[in-house]
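Chemist: Got chain A; can you put chain B on it based on the hints?
Residue numbers (numbering that gives the first Met the number 0), protein chains in the order written: chain A, 0 to 100; chain B, 0 to 144.
Be careful, since some hints might not be right.
As the list claims (entries may be wrong) - Facing chain A, from chain B, some residues (calculated, C-beta under 8 Å): (1) Thr43; (2) Glu47; (3) Arg105; (4) Ser115.
Claimed, not checked - Counterexamples of contact, computed for chain A against chain B with all Cβ distances above 10 Å: (5) Glu35; (6) Ala38; (7) Pro40; (8) Ala49; (9) Arg86; (10) Phe99.
Think of the hints as simulated: they come from the structure by calculation, not from any bench.
Computed from a predicted structure; not experimentally measured.
C-beta: ideal position from N, C-alpha, C; glycine also.
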Amino acid sequence: MDVKIERLRESLKISLKGELDQHEARGVLMRFGELESQALPARCVLDLSALGFTDSSGIAVLLGLERRVRDAGGELTVVNIPPQARRVFDAAGLSRVMRFE
Amino acid sequence: MRPINEMTLTFPARSVNEGFARLAAAAFAAQLDPTMDELGDIKTVISEAVTNCIVHAYPDTLGSVRMRCRIYPDGRFEAAVADSGVGIADIEKAREPMFSTGGAERSGMGFTIMESFADSFTVRSRPGRGTTVRFTKRISPRAKK
Chain A
0 MDVKIERLRE SLKISLKGEL DQHEARGVLM RFGELESQAL PARCVLDLSA
50 LGFTDSSGIA VLLGLERRVR DAGGELTVVN IPPQARRVFD AAGLSRVMRF
100 E
Chain B
0 MRPINEMTLT FPARSVNEGF ARLAAAAFAA QLDPTMDELG DIKTVISEAV
50 TNCIVHAYPD TLGSVRMRCR IYPDGRFEAA VADSGVGIAD IEKAREPMFS
100 TGGAERSGMG FTIMESFADS FTVRSRPGRG TTVRFTKRIS PRAKK
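For reference, chain A alone in the conformation it holds in the complex (with noise of 0.2 Å):
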């Protein structure tokens, strides 16, 4: 899985690409491990338009870089949701919890 970070004017964008289970979602956690560290910019957004497949594990790996951008001070926004995760997403009730566009 390919996770692209990057930083625009005023905001912190994350692009996932290919499929995330759990055998992905380890390397993807550790990835969002090197936000810890900086100061976020307020507007984070996480595009899922090049997410191929998920499981559950997206579901663990969504709510842990949300709990990570909110104690940074920022709020997260989901975008491009493909039809198959979001029927993932949905049976956890994520739209509750999170912002999704």
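Modeler: Just chain B now, kept in the frame of chain A:
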């Protein structure tokens, strides 16, 4: 009802096989001409079931996972994912949303996802003997799609 086709795969409980297992199951289920959504549901349930074997079944050894898939004349896809690992002492507890004995990359939602994506879903487990998850997914006939 007798299946019109079936296949069985056995592979070591290594996490790299999660992707292999769901792609193999999806390729087999393709014979029923499923929609993208139906195929996505099958891949998701297989991924959860195989991940459970890999994360929980064999804490100290590298055991194996057996996945058997069948398709039936009435359009049902059925899969059984089995391990011969430590088993689940309390299945009701394991099925509770948010309950997990896994690491930070686990959400405790695996069983919830499997239950909501499959048409029928059962778990059989005996401590010390292993766990088998079975599920079916009905593939709608193409004319109605």
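Chemist: With reference to the structure, classify each hint as holding or not holding.
Modeler: Status of the hints after comparison with the structure:
1. Hint on B:Thr43 holds. Least Cβ distance to chain A is approximately 5 Å, under the 8 Å limit.
2. Because the closest C-beta pair between B:Glu47 and chain A is about 5 Å apart, less than 8 Å, the hint holds.
3. With a least beta-carbon distance of about 6 Å to chain A, the hint placing B:Arg105 at the interface is held under the 8 Å criterion.
4. Interface hint at B:Ser115: satisfied, since its Cβ lies 5 Å from the closest Cβ of chain A, which is below the 8 Å cut-off.
5. Distance check for A:Glu35 against chain B: the nearest CB is about 13 Å away, which clears 10 Å, and the non-interface claim stands.
6. A:Ala38, annotated as away from the interface, keeps every beta carbon of chain B farther than 10 Å; the closest lies near 23 Å.
7. For A:Pro40, the shortest C-beta to C-beta distance to chain B comes to about 24 Å, beyond the 10 Å cut-off, and the non-interface label holds.
8. The non-interface label for A:Ala49 is consistent with chain B: the shortest C-beta to C-beta separation is roughly 16 Å, beyond 10 Å.
9. A beta-carbon of chain B is positioned within 10 Å of the beta-carbon of A:Arg86; the least distance is around 7 Å.
10. With a least CB separation of 17 Å from chain B, A:Phe99 remains clear of the 10 Å interface cut-off, as annotated.
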